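Assemble chain B onto chain A, guided by the hints.
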Amino acid sequence: MLNSVKGMMLTLASTFQGLKKPVTREYPKQPTPVQPRFMGFPALTWDSGVGEPFCTGCMVCIRNCPTQCMSASMMDNPLNEEGQSHRRKIVDYFEINLNRCILCGICVEVCNFDAIVMSHEHEMSTYERNGDRVALPGLLDIGKKYQQETAWIPPTVLAKAKKDAEDAAKAAAAEAAEPAAATQEAD
Amino acid sequence: MNAEPVEMLLNMGPQHPSTHGVFRMVLWVDGEKIVDVEPHIGYLHRGSEKLCEGEQYHQIITLFDRMDYVANFNNELVYCQAVEKLMGLAVPERAEYVRVILCELNRIASHLLYVGTIGLDAGAMTPTMFAFRGRERIQSLFEAISGARMMHNYFRIGGVKEDLPDNFEQMISDLLPQLKEDVEESDRILTFNEIFLIRLKDVGGISAEEAIDFGFTGPCLRGCGVEYDVRKAQPYSVYDRFDFDIPVGLDGDCWDRHWVRIQEMYESLKIIEQALQQIPGGEVVSSLGRRLIRPPAGEVYVRAENPRGELGVHLISNGTDRPYRLKVRPPSFCNLSAIKRLLAESWIADSVVILGSLDIVLGEVDR
Chain A
0 MLNSVKGMML TLASTFQGLK KPVTREYPKQ PTPVQPRFMG FPALTWDSGV GEPFCTGCMV
60 CIRNCPTQCM SASMMDNPLN EEGQSHRRKI VDYFEINLNR CILCGICVEV CNFDAIVMSH
120 EHEMSTYERN GDRVALPGLL DIGKKYQQET AWIPPTVLAK AKKDAEDAAK AAAAEAAEPA
180 AATQEAD
Chain B
0 MNAEPVEMLL NMGPQHPSTH GVFRMVLWVD GEKIVDVEPH IGYLHRGSEK LCEGEQYHQI
60 ITLFDRMDYV ANFNNELVYC QAVEKLMGLA VPERAEYVRV ILCELNRIAS HLLYVGTIGL
120 DAGAMTPTMF AFRGRERIQS LFEAISGARM MHNYFRIGGV KEDLPDNFEQ MISDLLPQLK
180 EDVEESDRIL TFNEIFLIRL KDVGGISAEE AIDFGFTGPC LRGCGVEYDV RKAQPYSVYD
240 RFDFDIPVGL DGDCWDRHWV RIQEMYESLK IIEQALQQIP GGEVVSSLGR RLIRPPAGEV
300 YVRAENPRGE LGVHLISNGT DRPYRLKVRP PSFCNLSAIK RLLAESWIAD SVVILGSLDI
360 VLGEVDR
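Protein chains in written order, with numbering that gives the first Met the number 0: chain A, 0 to 186; chain B, 0 to 366.
Isolated chain A (complex conformation) (with noise of 0.2 Å):
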């Protein structure tokens, strides 16, 4: 008997708790944050410096994609020929069925370009089977949303960032060691 109580007084604590601080939410009215690294479906990323997409249309995320969603083709990128671009090649067409889409990132990962990111999108109802059919320019919008709210850098950017910055540092350790060596030849 004791422990039943036990678990009822246990009960009442957490309801006037809860009534003080709730721990759900409202969802519809109040939108739960997501964290920095959330897998929304995936976007495509638009480069505002030469103002064409990211992507050449190379087909790797399409050859590693656990289900087929995706589909694209690449075409002679007219920028280029004006000298304006460096990309040779850019995309024509591409689409993501996200109805098929499981959101595991491996495209995100085996871009070369980083053309493309998971956004943070992920609340997309429509009322048509192939409705979330998404083509290059839907992709592009989702993609511009994402890079605006997050401040998006290319990783390849942050990673050469990063590996100059440890350059420097070793470059300068050396720097400091060596006339350490010196000395001690001297001697």
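Quick caveat, the hints were computed from the structure, so don't treat them as lab data. On a predicted model such as this, the values are computed, not experimentally measured, just so you know. The reader is advised that the hints may include incorrect statements.
[Stated by the list, open to error] With a Cα cut of at most 27 Å, we get these calculated DSS-like pairs of lysine-lysine: (1) A:144 <-> A:161; (2) B:160 <-> A:144; (3) B:231 <-> B:269; (4) A:143 <-> A:159; (5) B:200 <-> B:179; (6) B:32 <-> B:231; (7) B:160 <-> A:159; (8) B:84 <-> B:160; (9) B:326 <-> B:49; (10) B:339 <-> B:32; (11) A:162 <-> B:179; (12) B:49 <-> B:160; (13) A:169 <-> A:159; (14) B:231 <-> B:326; (15) B:179 <-> B:269; (16) A:5 <-> B:200; (17) A:20 <-> B:179; (18) A:169 <-> A:28; (19) B:32 <-> A:161; (20) B:326 <-> B:339; (21) A:143 <-> A:28; (22) B:179 <-> A:5; (23) B:160 <-> A:143; (24) B:339 <-> B:84; (25) B:179 <-> A:19; (26) A:159 <-> A:88; (27) A:5 <-> A:19.
Positioned in the frame of chain A, the structure of chain B alone reads:
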């Protein structure tokens, strides 16, 4: 009036809330007594093992996420270990610790879900709310680390996807005291409750010999008094560096299985605390793991302790980028095989509790 006993056929499931998924039992009942039972599985069969043969090695991790969908990290670990063993790949120390911390957190999350559902099965609604609150906290941490609450795809062959986030230490030091409280609360509210004891004690008992014959593993076997845990019997990863106990039951009834799971949550908390103290710095993925994975021809069997028992993976490679065959030994499936024996001669009302105490996940049973 003629009052002769008549056997009746009662169809339970597949869309029954107490069958924990899509599991169907055909019960032959004599009044309130169960005479015989015919389990039907396969409603959630997705052909995962066959699908594995068509996917590249790094893509298969996503399939393992979806087998036991309440213990995703533990599943990913077994598969990654199998491929690493086949390739002879050494995993960086830090990655091993990250894996252990996440797996033990996942074990607590899985057992908390169990506490919630066994409460519902026994007729108590409140413990579910307590248990899910704790589980939700763990899943928020998982989201911060891996980017997904359940289907993480975070472990890699040769390490993990990326290092822990910068504010991880802050997050885990906030979480652990809360989690300890959650585990204690879910223990206090249910385990020694008189009604719960009457519902579970001396119900669905099985002897140790029989349990071993049925291939029981995990908390179901330890509830019978057999001290067997793969983490101790055949330590994998870095489990040999931690000091923890194996909780063991006495009679092998439903309550013992419940008690073992509750105690295991405390042990998992102990392991996490030790791992956080020992965790070294450095790389989290070996450089070999970043290339195209093409293990040499050969076969390997790897097993590990999941929240439900021993999960084994038998992987056969023929030297290409896809496995030749991948067989999974799911703990839930072997534990469920005893359902006919456990339910025989029990009451209809107890059948739900007995099934709940086995803690099956149909995604793993059917694969």
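| message | Tell me the numbers of any earlier hints that the structure contravenes, in ascending order. | response | 6, 11, 18, 19 and 24
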